[in-house]
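Listed below, chain by chain, are the residues.
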Amino acid sequence: MNQQDQFTNLYNEFGEGIKKLCLGYTGDAVLAQDLLQETFIAVWNNMQKFRGDAKWSTWIYRIAANTCLAHLRKKKDTVMDVENTALAMLPDEINTKEQEIQLLYKCISRLAETDRLIITLVMEDKPYEEIAAITGITENNLRVKIYRIKKQLTEIYNSYGRL
Amino acid sequence: MADFDALKNMWQQPTTENVDRILPPANTSHHSAGLKMKLQREQLLGAIMLVITAILISFMALYGNFNFVHWYTYGAMVLVCIICLVQTAILLATYKRIKRIDETALPALHLQQWETYYAFRKKQIRWNMPVYYILLNIAMGIYFIEVFEGRPIINVTILLTIYFGWMLFSWFYLGKRKLKQENARLQKIMDELKAIEGQLGLEEPILS
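Listed in order, the protein sequences are those of chains A and B. Using the working numbering, the letters of the first sequence map in sequence onto residues 1 to 163. Using the working numbering, the letters of the second sequence map in sequence onto residues 1001 to 1208.
No wet-lab data here; the hints were simulated from the structure. Ideal Cβ placement from N, Cα and C applies to all residues, glycine included. Incorrect hints may have been included.
Claimed, not checked - Capping the alpha-carbon separation at 30 Å, the derived lysine-lysine pairs in BS3-like fashion look like this: (1) B/Lys1194 / A/Lys49; (2) B/Lys1099 / B/Lys1008; (3) A/Lys49 / A/Lys126; (4) A/Lys126 / A/Lys55; (5) A/Lys49 / B/Lys1096; (6) A/Lys55 / B/Lys1194; (7) B/Lys1123 / A/Lys126; (8) B/Lys1008 / B/Lys1096; (9) A/Lys49 / B/Lys1008; (10) B/Lys1099 / A/Lys49; (11) B/Lys1194 / B/Lys1122; (12) B/Lys1178 / A/Lys126; (13) B/Lys1123 / B/Lys1008; (14) A/Lys55 / B/Lys1008; (15) B/Lys1180 / B/Lys1194.
To be verified - Stretches of chain A that chain B covers, calculated by requiring three or more beta carbons in the stretch to come under 8 Å of a beta carbon on chain B: (16) 4-14; (17) 38-44; (18) 58-71; (19) 145-158.
With these hints in hand, go ahead and build the complete structure from the sequences.
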């Protein structure tokens, strides 16, 4: 299999998940698309470096995490603006599934940067071992973080009294 | 009241297309290529412009039929070319430095690489621009000796006023403003990187 075919397979397999990660991270569909694109450019540029020490998914998600963390430094103010606008645009009563999901994305984007990343991976049902490998956090520390983030996210969501 | 599993179920339900539709459109005017690519491109474009400048000046010196009498006037043109090429080398070295940042490293290490780059860049812009300006003006000064020789004093005064006016404006206004902005931006980025590194750090267990 040549690099092009391998890349296409990787994109087909992980593209959707990475986009959701970026979306949960930024709460902004257009920015998420940018980050997805940037992630896969980095994947293409670094494919030769992949030695198989980790799984492809771990490796790609790690690139996505790095891309998000580095990118948000520049975009932080814009993201916060979009986020606040979006929250303000939410109707008083949320009735539809789409509105609930919209609120969920916005609540995630209120968490600290690395927390967004971790909780998105948790919600994607990634095993703790893999999340630890992606983020470089020890499994024990990760468990503590996840416990706290779950609690925090649920509190933020419920504070809007949507369910 | 929602528990976390309910939120997770909600998360796993939609496709990205649905989410694209329900999220408000972002202001795309601020969007650009990736941070790393953009920084690399800035360095590369600067280097290309300087090489073009050096080629043009070399071409003028060789085929411009200026018929300068003094060797040092041509020497000044060569000096400008050398300064441009040295600056090109500096820009290309910076380009390579950015390129070396490893996106596949663990996040903490990746952020540390950015922090190292920004610290390096902060130091670099502090000395690089003054040295570049000084050398360029020395070369231009040498060049002007013959160019202004025998010309009416009023013409020389006007040309020198325009030249120094532009140099002072670009140094004290444009240059200083750019340096101040870049310094502030680098400082902000470094502070934020430190904050993120802190987030990745050890966390105390929560007792409930």
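Consistency of the hints with the structure:
Using a Cα cut-off of 30 Å, the hinted pair B/Lys1194 and A/Lys49 holds, with the two alpha carbons roughly 27 Å apart. At most 30 Å may separate the alpha-carbon atoms for a hinted pair to count; B/Lys1099 and B/Lys1008 exceed this at roughly 38 Å. At most 30 Å may separate the alpha-carbon atoms for a hinted pair to count; A/Lys49 and A/Lys126 meet this at roughly 24 Å. Of the supplied pair hints, the one linking A/Lys126 and A/Lys55 holds, its CA atoms being roughly 12 Å apart against a limit of 30 Å.
Between the alpha carbons of A/Lys49 and B/Lys1096 the distance comes to roughly 17 Å, so the proposed pair stays at or under 30 Å and holds. Note on A/Lys55 and B/Lys1194: the hinted pairing holds, with a Cα-Cα distance of about 29 Å set against a maximum of 30 Å. A C-alpha spacing of about 41 Å is found between B/Lys1123 and A/Lys126, which places the hinted pair above 30 Å, so the restraint is violated. Restraint check: the Cα-Cα separation between B/Lys1008 and B/Lys1096 comes to about 42 Å, which exceeds 30 Å; the hinted pair is violated.
At most 30 Å may separate the alpha-carbon atoms for a hinted pair to count; A/Lys49 and B/Lys1008 exceed this at roughly 34 Å. As the CA atoms of B/Lys1099 and A/Lys49 are separated by approximately 14 Å, the hinted pair is consistent with the 30 Å bound. The straight-line distance between the Cα atoms of B/Lys1194 and B/Lys1122 is roughly 16 Å, inside the 30 Å bound, and the hint therefore holds. With a C-alpha separation of about 44 Å, the suggested pairing of B/Lys1178 with A/Lys126 is violated against the 30 Å cut-off.
Simply put, B/Lys1123 and B/Lys1008 have alpha-carbon atoms about 46 Å apart, too far for the 30 Å limit, and the pair is violated. A threshold of 30 Å between alpha carbons decides the hint, and for A/Lys55 with B/Lys1008 the separation of about 24 Å falls inside it, so the pair holds. Annotation: proposed proximity of B/Lys1180 to B/Lys1194 holds, straight-line Cα distance about 21 Å (limit 30 Å). Counting residues of the stretch 4-14 of chain A whose beta carbon lies closer than 8 Å to any beta carbon of chain B gives 0, which falls short of the minimum of three for the stated coverage.
For a cut-off of 8 Å, the count of residues in the stretch 38-44 of chain A with a CB near a CB of chain B stands at 3, and the three-residue condition holds. Closer than 8 Å: that is the beta-carbon criterion, and the stretch 58-71 of chain A has 9 residues meeting it against chain B, so the requirement of 3 holds. With 9 residues having a beta carbon nearer than 8 Å to a beta carbon of chain B, the stretch 145-158 of chain A meets the requirement of three or more and the stated coverage holds.
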